[in-house]
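Participant: Here is what each chain is made of, one letter per residue.
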Amino acid sequence: MALVSESENPQEERSVNPSLILDLDGFAGPLDLLLDLARAQKVDLARISILALVEQYLAVIENARHLRLELAADWLVMAAWLTWLKSRLLLPQDKPQEEEGEDAAHNLAEKLRQLELIHSAAAWLGTRPLLNQDVFARGKSEDLTEIDRSRLRVSISGLLSAYLAARSRGTASVPYQPKPMRFWSVQQALQFLFQQLHSTPDWTDLSRFLPEQYSDPLASRAALSSTFMASLELARSGHVLLRQTETFGAIELRRTDPPAAEDE
Amino acid sequence: MTERPYAERLIEAAIFASREPVKLRSLANLAPEDTDIEATIAALRARYDGSGVELVDVGGGFMFRTAPDLAMALRKIIEVPRRLPRVVMETLAIIAYHQPVTRNEIEQVRGASLGQATLDALLQADLVTPCGHKETPGRPTLWATTAHFLAAFSLRSLQDLPKREDLLLDAATAPPPSEGEGAENRDLEEEQNIGTDAEVKPLTADP
Amino acid sequence: MTERPYAERLIEAAIFASREPVKLRSLANLAPEDTDIEATIAALRARYDGSGVELVDVGGGFMFRTAPDLAMALRKIIEVPRRLPRVVMETLAIIAYHQPVTRNEIEQVRGASLGQATLDALLQADLVTPCGHKETPGRPTLWATTAHFLAAFSLRSLQDLPKREDLLLDAATAPPPSEGEGAENRDLEEEQNIGTDAEVKPLTADP
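Protein chains in written order, with the numbering used here: chain A, 1 to 264; chain B, 1001 to 1207; chain C, 2001 to 2207.
Keep in mind that a hint or two might mislead.
Where chain A lies over chain C, by a calculated footprint (3+ residues, C-beta under 8 Å) [to be verified]:
#, segment
1, 2085-2098
2, 2133-2141
3, 2146-2154
Not the full set, but computed from the structure, chain C residues with beta-carbon under 8 Å of chain A [stated by the list, open to error]:
#, residue
4, R2004
5, A2071
6, R2075
7, E2079
8, V2080
9, P2081
10, R2082
11, V2109
12, R2110
13, G2111
14, A2112
15, A2125
16, K2163
Honestly, the hints are just simulated from the structure, not real lab data.
Beta carbons: idealized from backbone N, C-alpha and C, even for Gly.
Full structure from sequences and hints, please.
Facilitator: Right under this line is the structure:
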């Protein structure tokens, strides 16, 4: 049962004969319907005939059920409870049960009065000049506040946490840098060869002048070629003599003349 | 028109600049020290009397608003929100009278469950707000009306809501309830009615 | 005050309640047909003359606004101390701990490049200052914190800053600097700058 859906004025729709009301959607729940039925009795809510009310409610529900099998649980629970209440009120010979019934009836009347009050309050609120409906405020506020942001809000803790954040990020991700060159460069080979020349007055295999730390075959081949280039360079400048006794044989090297090397 | 007194102009401008009610205290802080605020506001109100805008005292402060009789014409050029449906108005009334109140208590009074759409409408219109929890099992949220509720319904304060006996007098046939009335009693009654016992339970909408 | 003419009241209310300036044409549509709009607006303007509010024509239409001479009195100055953006704060922290430090070194520690805007913000806030050049190729500028930095953070001296080893608690577990020249170079610099040797080394960010 849609509780929210509105019919314009339930009171008018429900005319004198309550059994004709089949549209329960106009009522926001069983209590709402009960209150409406009670109002139809046009008596003090405290003095309504609960019995008559029960009869009417059950009649409405019964009628509605003929047409609508999907009546919500709320309405049926209320019907069941009202049936129980009716049986209590109709059994006056049983003292405790009668009292029980009267208490329940009193409670029901009280709840109806409460709801009546809320209906009145809602209606009263409805009569008030409603903002943006009946009366309108200034369309747009003028913003006269000026925000002074000249001062700094800083704290040591902020500084420290910023430092920690920077450090941890610095460790986590580092800006891209190309890997440093690992190959033994001609320049390095030249330097190394030149240093070694003093201690190698006699013919020495070129491979002796290779740096030792390379396990990578590519790196060691590169070192070999750099060293070879360096030896050619030194030969060209007259610092060393080179010889190779057979094709693909070992290349040997010896310094030309110690004083000349020192001069350079 | 001749220049109005400085304090009056200042107060006028301060109220005029804001869409929300401006508290008397804010106005007092703003005006020169020896200003008779009440008299100034009275003068201001008189000056706007009969114009298209009026100075009203609502929601705990002062604000300018258009005169009610112009509403029809103004609605043509100003977009107005939809009126609140009856269910929403009733729920609002329950919250206004019973606040702070839990959802379950609202449902008890109405004898029907409180739809999400209803609550959403009230929240969206800034008419109700959660205000803490009831210290009962489950700690249900308590609901109350907002400051905007007062301004929206042109109320100075919650005291402006009609007393229950006045409401019941209006309700055609019903004579005033026998017991003494007042805000204090409201809570009491509520407890009696809401305090769940066997008789009341069947009225509750089933979850 | 006597009741003003309907058209004047309506136009007054419409301008008052609109969010935007109201065009003359809209006002003409709104008012009763035989209204002399220009004259009505003139009357309205005259009525507000000398009050705290004035009717102005701002090109696009008419609007009310508070009188300019009251602006000073009405203005509320809210002091909202500025927070430094995260990047700026981090950069400041690095300069504080590593000073004197080059821009490149800052970038190394943060692991991110340093925008000119960040440095500008620190310079403008008078928190850092250049202090000479590093005697390396390119002679990069060295940065250090200012006296104002100490004042802003309520420090008597830089010694009041917690030591780095007290801050970086996971020092022991930090990975040792791996091969590569960057790490060694930076360790060296840090030794020079801060002078805390053994503890600092393992903390160094790997390049």
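Participant: Holds or violated: E2079 of chain C as interface residue toward chain A, Cβ cutoff 8 Å?
Facilitator: 4 Å, holds
Participant: At a Cβ distance under 8 Å, does chain A reach at least three residues of the segment 2133-2141 of chain C?
Facilitator: As far as the segment 2133-2141 of chain C goes, the hint is violated, because 0 residues have Cβ atoms under 8 Å from chain A.
Participant: Checking C-beta pairs, does the segment 2146-2154 of chain C have three or more residues closer than 8 Å to chain A?
Facilitator: holds (count 3)
Participant: With a cut-off of 8 Å, does the beta carbon of P2081 of chain C approach a beta carbon of chain A closely enough for the hint to hold?
Facilitator: 4 Å, holds
Participant: Would the hint on G2111 of chain C stand, with a C-beta cut-off of 8 Å toward chain A?
Facilitator: 4 Å, holds
Participant: Would the hint on A2125 of chain C be counted as holding, given a Cβ-Cβ threshold of 8 Å to chain A?
Facilitator: Since the shortest Cβ distance to chain A is 6 Å, the answer is holds.
Participant: Holds or violated: is the Cβ of R2004 of chain C closer than 8 Å to a Cβ in chain A?
Facilitator: 17 Å, violated
Participant: Can the hint on V2109 of chain C be confirmed by a CB-to-CB distance to chain A that is less than 8 Å?
Facilitator: With Cβ-Cβ at 5 Å, under 8 Å, it holds.
Participant: Does the nearest C-beta of chain A fall within a distance shorter than 8 Å of the C-beta of V2080 of chain C?
Facilitator: The hint holds - V2080 of chain C has a Cβ within 8 Å of chain A, the shortest such distance being about 5 Å.
Participant: Close enough to count: is the Cβ of A2071 of chain C nearer than 8 Å to one in chain A?
Facilitator: 7 Å, holds
Participant: Does the CB of R2110 of chain C sit less than 8 Å away from some CB of chain A?
Facilitator: At about 5 Å, which falls below the 8 Å cut-off, the nearest Cβ of chain A leaves the hint on R2110 of chain C intact, so it holds.
Participant: Let me know if the C-beta of A2112 of chain C comes in closer than 8 Å to any C-beta of chain A, holds or violated.
Facilitator: This hint holds: A2112 of chain C lies near chain A, its Cβ roughly 7 Å from the closest one there, short of 8 Å.
Hints 2, 4 and 16 from the earlier list are contradicted by this structure; the remaining hints agree with it.
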